[in-house]
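K.L.:
Please construct the entire structure, taking both the sequences and the accompanying hints into account.
Below, each chain spelled out in residue letters.
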Amino acid sequence: MKMIVYRLLFNVTTFLIFLLCTSVSSPVVAKELFGDDDDYIWKSGTNRFVKFVTIEKELATRNDHPVKLDRQTLAEALKILEYSEEKNVLRDDLTAVFSIAQINNLSRNIANGLKRAKPDQDIIFSIEGLSKRLLILTGKSFTTGRVFYKDGKLNLILGEYEYARNEALESAIDTSGNANVQYNLDYGSRKKSANSFKDYLIETAGIELKRVGSKVRRDWFVIDVDVAAETYLAVKEGKNNKEAQQDRALQLEAAKLAKERREMRLEMARMRKEMEAISQSGGSSANSIEERMATLDELKEKGLVSDDEYDAKRQEILKDI
Amino acid sequence: MKNSKVLKSAVVAAAMLPMAQAFAEVNISGWLNEEMMFFDNGNSSDVAIVSGNGATLGSRLTFSGSSEIPNTGMTAGFEIIMEPQGFGSAAQAQPLLNNQTALQNANEFQTNITLLSRNVSLAGSFGKVTMGLLSTPTDNIGVLSDPTLGLWDAIAIPYHGAGINLRTGGATTAFSTASFLSCGNLGGLGIGADCNGIYRNGIRYDLPAFGGLQVAVGYANDDIYDISAEWKGNLGRLTTNVGMGYTINQGGAGGWDEAEVFQMQAGVHDAGATGLYIWGYYQNEEADVAGGGAGQDDSDVYVVKGGIKKQWLSVGETAISGFYGSYNDQFGFTGFTDSEVERFGFSVVQHFGGGLQLYGAYENLDTEASVGGVTTNFDEVDVFTLGTVVFF
Chain A
1 MKMIVYRLLF NVTTFLIFLL CTSVSSPVVA KELFGDDDDY IWKSGTNRFV KFVTIEKELA
61 TRNDHPVKLD RQTLAEALKI LEYSEEKNVL RDDLTAVFSI AQINNLSRNI ANGLKRAKPD
121 QDIIFSIEGL SKRLLILTGK SFTTGRVFYK DGKLNLILGE YEYARNEALE SAIDTSGNAN
181 VQYNLDYGSR KKSANSFKDY LIETAGIELK RVGSKVRRDW FVIDVDVAAE TYLAVKEGKN
241 NKEAQQDRAL QLEAAKLAKE RREMRLEMAR MRKEMEAISQ SGGSSANSIE ERMATLDELK
301 EKGLVSDDEY DAKRQEILKD I
Chain B
322 MKNSKVLKSA VVAAAMLPMA QAFAEVNISG WLNEEMMFFD NGNSSDVAIV SGNGATLGSR
382 LTFSGSSEIP NTGMTAGFEI IMEPQGFGSA AQAQPLLNNQ TALQNANEFQ TNITLLSRNV
442 SLAGSFGKVT MGLLSTPTDN IGVLSDPTLG LWDAIAIPYH GAGINLRTGG ATTAFSTASF
502 LSCGNLGGLG IGADCNGIYR NGIRYDLPAF GGLQVAVGYA NDDIYDISAE WKGNLGRLTT
562 NVGMGYTINQ GGAGGWDEAE VFQMQAGVHD AGATGLYIWG YYQNEEADVA GGGAGQDDSD
622 VYVVKGGIKK QWLSVGETAI SGFYGSYNDQ FGFTGFTDSE VERFGFSVVQ HFGGGLQLYG
682 AYENLDTEAS VGGVTTNFDE VDVFTLGTVV FF
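Those protein sequences? They're chains A and B, same order as listed. The first sequence begins at 1 in the working numbering and counts up one residue at a time. The second sequence begins at 322 in the working numbering and counts up one residue at a time.
Source of the hints: derived by calculation from the structure; they are not laboratory data. Please note: incorrect hints may appear among the correct ones.
Pairs of lysine to aspartate or glutamate residues, derived as EDC-like cross-links and limited to a Cα-Cα distance of at most 16 Å, are as follows [unchecked claim]: (1) A:210 / A:224; (2) A:198 / A:82; (3) A:132 / B:346; (4) A:153 / A:203; (5) A:153 / A:243; (6) A:140 / B:346.
Please read all numbers here as calculations on a predicted model, not as lab measurements.
P.N.:
Here it is in structure tokens:
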């Protein structure tokens with residue numbers, strides 16, 4: 001009897017799973033449960049995509065979509081997103097949130113997506129990058145997030161940040177080696193932080209962290225795209241100017257040193273000539289001796305002879321008196 | 322010691338590969354899985370520290386890599402997998418725990434590092450061809466398909482406690498639960514499900530995936546042919562996978578001439594909303610006994626697992642599951658003519674991002690077997706497990 005019940009239970013369960021997997025009773029349910037390929041803005045593999053999703057229903061909020069953002073401006077705004085692992089550090093010690101390849105991908109696909117996004121839609125993304133692993137190696141990882149435009153600003157909520165891929169697990173689960181493994185990734189939420197990004201984003205002109213009540217959401221970036229892009233360009237120009245100034249200063253210093261060395265060489269050559277001339281003329285006249293002493297003093301003053309050389313030469317001159 | 326030196330050399334060599342520019346991309350990854358298991362077989366009980374999931378799904382170190390072949394659109398790849406515990410470490414591997422006596426003496430120095438996989442591949446628009454010691458198309462087709470990736474708390478193979486000695490009324494018998502989980506295709510290996518679940522020397526061809534569907538065919542030594550088809554995808558907020566596989570082993574092993582195995586599985590996870598999931602697995606094996614003698618020739622396995630996986634804690638998702646399995650007529654050459662192992666239990670898994678899982682599981686194994694109209698009801702085995710998996 002028990003076996004009959006268990007087998008019946010199993011058969012019913014299998015049938016329900018089959019029903020869910022392969023058919024639905026209404027297009028609305030189908031779309032609600034199964035979605036639509038039109039949801040994808042970009043897709044390359046199981047865990048690499050940018051797509052539309054409906055805003056979480058219970059939030060009762062709407063975005064300012066569709067909106068047209070310039071792709072280049074958006075890319076520049078994303079480039080200014082930098083963080084540090086500690087609070088209050090110098091700008092030189094910061095790390096970019098996204099790599100250039102990730103920025104190129106996001107700026108293109110988010111700009112494209114926002115042009116046709118509906119007010120009740122967000123855009124979620126899952127992109128691949130590299131992260132440190134085992135201290136000396138780097139490995140592939142996923143960064144995910146949620147993007148929407150509201151009140152004139154772009155909101156980017158990070159879900160997973162540098163979530164490490166595990167190739168060993170992928171090859172065990174998908175023995176074809178095509179890595180068709182669905183990781184259970186968090187794509188970020190307005191309701192609560194995924195707690196994956198725990199570093200300190202640097203707030204600057206055009207970039208700020210979302211404040212929810214008294215709490216700061218470290219994973220939620222509010223970006224004034226135009227201002228952030230201008231900030232990026234200004235910082236880049238400032239860096240360029242600073243580097244140009246440093247180069248110029250180095251060049252001037254090098255030129256000054258070269259000039260001084262040249263003058264020294266000329267002076268030494270002149271003095272050598274004088275001393276030779278004095279030696280040839282006998283060099284014992286008082287004027288000659290005075291001149292020779294004055295020349296020697298001058299050489300000593302300019303550091304062209306050492307103390308020992310000075311003393312030795314002085315004794316030599318005095319002997320001629 | 323020798324094996325650890327080999328391992329160290331291999332790690333250094335793998336780290337050096339990018340500098341040698343032999344392969345554009347080389348990865349080192351894997352996992353470590355250790356468990357503390359308490360068992361009670363109706364007569365005695367004990368606690369053991371064991372490696373989880375036995376061999377072939379246990380702790381492993383994987384070296385893999387790929388490199389594009391310029392101007393061809395093709396990619397060459399390789400994979401080497403080593404397991405830091407193998408069949409040789411019988412007393413510390415889950416399914417091969419024989420009895421309490423062996424367990425009490427199970428403190429020998431662990432020296433085994435076995436080679437699980439060693440293969441090369443070529444991929445392109447035509448699909449992918451892999452050759453060497455590899456996972457065949459039907460390996461893991463129904464085992465590692467739990468949509469919640471709950472692979473260590475409870476999978477279709479009853480690893481936890483299968484090797485514990487079975488008692489009748491407290492008296493020792495010559496059997497363990499694994500004696501009634503025999504896979505003819507694997508020469509009698511007592512794992513119950515995934516009855517083509519070992520790595521073999523062979524070749525496999527994966528057709529190009531289309532629409533989420535992957536089909537693969539393979540041949541392995543000796544005269545083992547298999548084919549598998551699997552579909553995985555996101556249907557809106559549902560994560561879904563469906564798969565099936567067929568294997569025919571004409572080479573024979575362990576007292577069988579030829580064995581055919583059919584497996585299918587399906588799972589659905591409402592990952593985006595409720596977190597509810599359900600997954601089912603079925604396997605049928607028909608095996609011809611060598612010489613036509615008495616022994617297992619037809620067996621069925623049903624497993625269902627369901628529950629909820631959702632993020633309640635900030636550290637990661639929590640999965641709470643219940644499972645039931647029925648393993649019928651896998652009596653091998655025990656002398657019985659009918660058998661059933663019923664298995665039910667529940668588990669809790671806490672994920673810490675993608676790098677760590679902690680889990681606890683309870684499982685009850687109830688075995689009965691009959692011959693000549695006489696049924697033997699073995700004492701139930703209860704197993705409690707606390708385990709951890711670290712991914713790197």
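K.L.:
Hint by hint, note whether the structure agrees.
P.N.:
Hint-by-hint comparison with the structure:
{"no.": "1", "hint": "A:210 / A:224", "in the structure": "holds, 12 Å"}
{"no.": "2", "hint": "A:198 / A:82", "in the structure": "holds, 13 Å"}
{"no.": "3", "hint": "A:132 / B:346", "in the structure": "holds, 14 Å"}
{"no.": "4", "hint": "A:153 / A:203", "in the structure": "holds, 15 Å"}
{"no.": "5", "hint": "A:153 / A:243", "in the structure": "violated, 33 Å"}
{"no.": "6", "hint": "A:140 / B:346", "in the structure": "holds, 10 Å"}
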